[in-house]
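Undergrad: Sequence:
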Amino acid sequence: MTDMTTDPGPQKLSSLFANQPAAVKPPAYEWQDLALSIIGIFGVPAFKRNSVFKICKNNSKELVEKAVNETKELCRSGEKWKYFFKVVDSLEKGRNHQSTAATK
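In the numbering used here, the protein residues as written are 53 to 156.
I should point out that these hints are in silico values taken from the structure, not numbers from a laboratory.
One should not assume that every hint holds.
[Unchecked claim] Calculated lysine-lysine pairs in the DSSO-like style (CA-CA distance at most 27 Å, straight line):
#, residue 1, residue 2
1, K113, K134
2, K132, K100
3, K124, K134
4, K77, K109
Build out the structure end to end from the sequences listed, making use of the hints.
TA: Put into structure tokens, the structure is as follows:
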């Protein structure tokens, strides 16, 4: 005797769609992808993730990447995400100071 599986017959259409995994939307902008990678690299907690997105949106990619590289080089232990915010703040202040001096 052969092993035969039984056919359940017609199924509900909704059950076919219920078994599909949820589709993950890709980031719409490049700065969003950059922010997601920073969150992953430094293990940014949930309550600070919006700040990472704001940094990536409001600053140039070069400034953010420089802050990431400096954080990786200089912070060997501890909470790297806190150090990242300090580095970004210092780079922003330096950039604002240079642009103010250039307009005088």
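Undergrad: Straight-line Cα separation of K124 and K134 no greater than 27 Å?
TA: holds (12 Å)
Undergrad: Need the status of pair K113, K134: alpha-carbon distance at most 27 Å?
TA: Holds, at roughly 19 Å.
Undergrad: Taking 27 Å as the top limit, are the C-alpha atoms of K132 and K100 close enough?
TA: holds (13 Å)
Undergrad: Within 27 Å, alpha carbon to alpha carbon, are K77 and K109?
TA: Roughly 19 Å separates the two Cα atoms, so the pair holds.
Hint check: no violations occur; every hint is consistent with the structure.
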